[in-house]
Amino acid sequence: MHLHDFWFLLIAVLWTGYFFLEGFDFGIGVLTRTLARDRTERRVLINTIGPVWDGNEVWLITAAGATFAAFPDWYATLFSGFYLPLLAVLVCLIVRGVAFEYRHKRPEERWQRNWENAIFWCSLLPAFLWGAVFANVLRGVPVGPDKNYTGDVLDLMSPYALLGGLFTLVLFTFHGAVFAALKTTGDIRHRARAHAARHGLAAAVLAVAFLAWTQAAYGNGRSLPATVVAVLALLAALALNRSGREGWAFALSGVTVAAAFATVFLALFPDVLPSSSDPAWSLTVTNAASSPYTLGIMTWVAGFATPLIIGYQAWTYWVFRKRIGTQHIPAAH
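The opening position of the sequence shown corresponds to residue 1 in full-length UniProt numbering, with each subsequent residue numbered one higher.
These are computed hints drawn from the structure, not numbers from a lab. Keep in mind the model is a prediction, meaning the values are calculated, not measured. There's no promise every hint is true.
Derived EDC-like pairs: lysine to aspartate or glutamate, alpha-carbon spacing no greater than 20 Å straight-line [stated by the list, open to error]:
#, residue 1, residue 2
1, 322, 54
2, 105, 38
3, 322, 187
4, 147, 73
5, 147, 278
6, 105, 116
7, 105, 54
Could you put together the complete structure from these sequences and hints?
Shown next, in the form of structure tokens:
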């Protein structure tokens with residue numbers, strides 16, 4: 001395996017890890033409006049991700065940084081061509097982080113309601129946009145011979161991209177509902193399971209539609225097993241959620257997220273950004289990569305730092321593993 005192939009694989013793992021972790025974050029944010037019945041229950045849901053949401057976003061920073069260092073042409077074309085949707089994602093992540101921290105700073109109902117609305121919308125929009133972005137990456141966009149994006153924002157709004165966005169939004173909401181059932185106790189736990197059942201059925205329909213389209217139009221022999229795993233894991237997660245085995249249901253909803261994005265990356269390789277203008281102008285792991293010397297240094301750094309980050313984050317999840325409920329929320333909050 002060449003270093004540029006290894007770094008494509010590692011970047012795919014980083015993006016997939018980000019969506020596995022941030023996916024249920026986004027789902028919890030959406031559920032603060034659709035599952036929680038009052039402010040106390042919204043506080044319960046927010047507290048389920050309170051110790052971990054910012055650590056989950058480290059995966060995004062690492063994935064984007066690795067893309068910039070290992071494939072600078074891919075990074076430049078992607079982040080310039082997708083400027084508006086990625087700017088919207090960035091603004092949402094900033095506002096959402098501020099909302100988590102500022103919501104409880106003042107007791108006024110209007111203050112808290114406004115920040116809760118920010119959490120909802122700034123979770124829903126990125127959950128949709130990330131799916132649309134990666135669907136466009138796989139489908140291909142107008143790229144010229146100079147590796148510059150030559151289209152406009154309307155080129156990013158194809159039916160396939162919109163379906164991809166809807167699929168990730170519903171899938172992440174299902175992932176979040178299963179996580180809520182795993183992390184809460186009492187009535188909210190049972191309602192989270194009911195929400196997971198409904199969102200899971202919708203996600204299953206969208207998964208079949210999006211993944212079948214992906215495999216038929218852009219897939220190959222590498223991506224087919226990942227497609228099958230995604231669908232089977234989602235169905236198994238639904239069955240386990242129904243039987244009350246939330247831990248296994250959450251693990252398999254995570255497998256669904258990982259397998260769905262693995263399908264995208266496996267279908268994409270060896271391209272990193274196909275050109276819909278002319279396949280000869282596509283960015284690939286070869287023509288978009290940094291020098292072997294740069295990739296070599298990055299490999300040593302990643303080999304040292306990655307286990308530390310994973311170990312620390314696993315320890316964080318272990319420390320904050322217990323369930324919470326409305327009885328754990330102070331009367332004045």
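Status of the hints after comparison with the structure:
1. For a cut-off of 20 Å, the pair hint linking residue 322 to residue 54 stands: about 19 Å separates their Cα positions.
2. The hinted pair formed by residue 105 and residue 38 meets the criterion: a straight-line CA distance of about 18 Å does not exceed 20 Å.
3. Note on residue 322 and residue 187: the hinted pairing holds, with a Cα-Cα distance of about 16 Å set against a maximum of 20 Å.
4. This hinted pair checks out: residue 147 and residue 73 have alpha carbons roughly 7 Å apart, not beyond 20 Å.
5. Between residue 147 and residue 278, the direct Cα distance comes to roughly 11 Å. Compliance with the 20 Å bound is thereby established for this hinted pair.
6. A C-alpha spacing of about 13 Å is found between residue 105 and residue 116, which places the hinted pair at or below 20 Å, so the restraint holds.
7. For the suggested pair residue 105 and residue 54, the alpha carbons sit about 19 Å apart, so the restraint of at most 20 Å is met.
This entry satisfies every hint, going by the numbered hints stated previously.
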